[in-house]
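**Q** These protein sequence lines are chains V and C, in that order.
Reminder that position 78 of the first sequence reads as 78 in the working numbering, one-by-one numbering, no gaps.
Reminder that position 107 of the second sequence reads as 107 in the working numbering, one-by-one numbering, no gaps.
Just so you know, the hints here were simulated from the structure itself, not pulled from any lab data.
Careful, some of the hints might be misleading.
As the list claims (entries may be wrong) - Far from chain V, by Cβ distances over 10 angstroms, these chain C residues were calculated:
#: 1; residue: Q17
#: 2; residue: F74
#: 3; residue: V112
Stated by the list, open to error - Restraint-style ranges between C-beta atoms, simulated for each label pair:
#: 4; chain 1: C; residue 1: K14; chain 2: V; residue 2: V64; range: 47 to 53 angstroms
#: 5; chain 1: V; residue 1: N18; chain 2: C; residue 2: T13; range: 28 to 34 angstroms
#: 6; chain 1: V; residue 1: N30; chain 2: C; residue 2: E52; range: 40 to 46 angstroms
#: 7; chain 1: C; residue 1: T20; chain 2: V; residue 2: I107; range: 38 to 44 angstroms
What the hints assert, rightly or not - Partial chain C-side listing against chain V, Cβ under 10 angstroms, derived:
#: 8; residue: P8
#: 9; residue: R9
#: 10; residue: Y33
#: 11; residue: Y35
#: 12; residue: Q41
#: 13; residue: E44
#: 14; residue: L91
#: 15; residue: F97
#: 16; residue: R99
#: 17; residue: Y101
No residue lacks a Cβ here, since even glycine has one placed at the ideal position from N, Cα and C.
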Amino acid sequence: GIQVEQSPPDLILQEGANSTLRCNFSDSVNNLQWFHQNPWGQLINLFYIPSGTKQNGRLSATTVATERYSLLYISSSQTTDSGVYFCAVAGGNEKLTFGTGTRLTIIP
Amino acid sequence: DTGVSQDPRHKITKRGQNVTFRCDPISEHNRLYWYRQTLGQGPEFLTYFQNEAQLEKSRLLSDRFSAERPKGSFSTLEIQRTEQGDSAMYLCASSSFGRGYTFGSGTRLTVV
Chain V
1 GIQVEQSPPD LILQEGANST LRCNFSDSVN NLQWFHQNPW GQLINLFYIP SGTKQNGRLS
61 ATTVATERYS LLYISSSQTT DSGVYFCAVA GGNEKLTFGT GTRLTIIP
Chain C
1 DTGVSQDPRH KITKRGQNVT FRCDPISEHN RLYWYRQTLG QGPEFLTYFQ NEAQLEKSRL
61 LSDRFSAERP KGSFSTLEIQ RTEQGDSAMY LCASSSFGRG YTFGSGTRLT VV
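The whole structure should be built from the sequences, with the hints applied where relevant.
**A** If you want it as structure tokens, here you go:
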């Protein structure tokens, strides 16, 4: 199956800083999503982005499918951005495979 | 779009008991997925349905686990003779082709 690697595993930043999270995957994909898992465990969909670039407020994401990676950018980070960010990908069977996540901690 | 609903949110059960979880997907989504997540790990695929047909089951899904999706609507996941290793967050998601997954809030199972 498709392998998904996320980096860094942990990231600690001051409030207001910018961050870049990376996701590498091992095969061509039909689906790539970025999720934020809140403290109660719910996975909040941030982006559905199998290719190209999208922006939503302070967050943006870019997927370069030909080079098998995706980046999630968080600008002007806030304490509410803390949590675990997951990248998940799917090939032709539409079955998502998750990475191990990046734990982001924003310090006031 | 009322989102994906899961019930219950939390379940504490004694080892050896049976438990059943319910998932109500987004109504226009024809695919429904079950995932399991343990502490510090990403969610792992268990099984998925397209309409009422169960199309794939993970090797993680032992014989004690069974899932159904009658009439292609809600789904249930039953665990028989629970073991402490079954303690986890059980997540349900739905999607339609070419669209992303939407996850429910999950059911956190604790086996004591």
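**Q** Among all the numbered hints in the text so far, which are the ones the structure does not match?
**A** Of the numbered hints given earlier, those the structure breaks are 5, 6 and 8, listed in rising order.
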